[in-house]
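Asker: Just so you know, the sequences run in chain order A and B. 33 is the number that this note's numbering gives to position 33 of the first sequence; each next residue is one higher, with no gaps. 78 is the number that this note's numbering gives to position 78 of the second sequence; each next residue is one higher, with no gaps.
Certain hints may be false.
No copy is singled out in the list; a pair is fine if it fits within one copy or between any two copies.
Stated by the list, open to error - Below, computed lysine to any residue pairings styled on SDA-like, alpha-carbon distance capped at 25 Å:
id	residue 1	residue 2
1	Lys91	Glu41
2	Lys105	Thr88
3	Lys93	Asp6
4	Lys9	Pro75
5	Lys8	Thr30
6	Lys105	Thr125
7	Lys77	Ile17
8	Lys93	His53
9	Lys77	Tyr104
10	Lys15	Asp42
11	Lys77	Ser38
12	Lys77	Pro115
13	Lys9	Thr30
14	Lys95	Thr26
15	Lys105	Ala37
FYI, nobody ran anything at the bench for these hints, they're computed from the structure. Computed from a predicted structure; not experimentally measured.
Number of protein chains: 2
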Amino acid sequence: MANQDDLKKLHSLIKDIGFAMMTTTTSDGTLRSRPMASRMEDEFDGTLWFFSHDQEPKIHEILENPQVNLAYADPHKNDYVSVTGTATLVKDKAKAKELWNPFYKAWFPEGLDDPHLGLIRVDVTQAEYWDSPNSKMVQLAGFVKALVTGKEAKGGENEKVDLRAN
Amino acid sequence: MANQDDLKKLHSLIKDIGFAMMTTTTSDGTLRSRPMASRMEDEFDGTLWFFSHDQEPKIHEILENPQVNLAYADPHKNDYVSVTGTATLVKDKAKAKELWNPFYKAWFPEGLDDPHLGLIRVDVTQAEYWDSPNSKMVQLAGFVKALVTGKEAKGGENEKVDLRAN
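Based on the provided sequences and hints, a complete structural model is requested.
Answerer: Written out as structure tokens, the structure reads:
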């Protein structure tokens, strides 16, 4: 189990930002990303869920190479999260029902009965975030230090959360 | 050469968002990302530049596997860009001088004379963007369609820009 405070912090950042850019490795070895809406559960245990049509190119990429990165970025708040994980296509109607929101009906008109409705389950193995304090000057400084050097800066945090650790 | 309108659109989106999450493949095959400030040139010819300390983990990752993804995301504007490219570490003082901004002095106190000052050059091979129109309803619909299915939606665009094409 990861530290509960780390999980809470990660959960809160992901929930606030909401949309991830999910990067996958394509069959020719290049990296592509696309926006995905996080479907957060109330309790975050290190697993993230996304709805997806099961014939999408990204599904084929995940089946070939399950390693993904989820980048949550909010340039206005200077919040940035890198989530490393392993993705699986899940065809589980009970789970889909649990995560379902009428919002998705426009894209899955048959709802839970859509034969192509799938879920992408991402098991998070590592996460890092860049989180800046409120002071504008320090925020910028702390933030850019992380940007340029990747090291912790005065007034900013760059924390790694390793969900593989005990 | 890519279509000039495509390059202009891509340039404008990247410039507006400003910060990319750069994803690299680590030596154990997992994917990591971190925020990076784009240093845009006035003319965009398909090459993007970033300042970096030359001993950063990402530099080692790039040397092992130069394939990167740059994800530009602005959840408030619903603008999302995926840039696929090949990264190179460039130690070129003349180029660094051309791109230099006093802003970077806090992290490279010796400025252009810092022996560890490096540039990451990304040659863009493909890019995609999700761009929603102004109407709030259509924007959400267009955007989420792209999110869920990756297909073009009414009122939204999901355009691929292939910079390898003639």
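Asker: Hints first: check each against the structure and report whether it holds.
Answerer: Here is what the structure says about each hint:
no.: 1; hint: Lys91 to Glu41; in the structure: within (18 Å within a copy, 46 Å between copies)
no.: 2; hint: Lys105 to Thr88; in the structure: within (23 Å within a copy, 44 Å between copies)
no.: 3; hint: Lys93 to Asp6; in the structure: neither (31 Å within a copy, 41 Å between copies)
no.: 4; hint: Lys9 to Pro75; in the structure: both (18 Å within a copy, 19 Å between copies)
no.: 5; hint: Lys8 to Thr30; in the structure: between (33 Å within a copy, 23 Å between copies)
no.: 6; hint: Lys105 to Thr125; in the structure: neither (31 Å within a copy, 35 Å between copies)
no.: 7; hint: Lys77 to Ile17; in the structure: both (10 Å within a copy, 12 Å between copies)
no.: 8; hint: Lys93 to His53; in the structure: within (13 Å within a copy, 48 Å between copies)
no.: 9; hint: Lys77 to Tyr104; in the structure: between (28 Å within a copy, 21 Å between copies)
no.: 10; hint: Lys15 to Asp42; in the structure: within (10 Å within a copy, 36 Å between copies)
no.: 11; hint: Lys77 to Ser38; in the structure: both (19 Å within a copy, 17 Å between copies)
no.: 12; hint: Lys77 to Pro115; in the structure: neither (39 Å within a copy, 33 Å between copies)
no.: 13; hint: Lys9 to Thr30; in the structure: between (31 Å within a copy, 22 Å between copies)
no.: 14; hint: Lys95 to Thr26; in the structure: neither (28 Å within a copy, 32 Å between copies)
no.: 15; hint: Lys105 to Ala37; in the structure: within (14 Å within a copy, 38 Å between copies)
In summary, the structure is inconsistent with hints 3, 6, 12 and 14 from the numbered list given earlier, while agreeing with the others.
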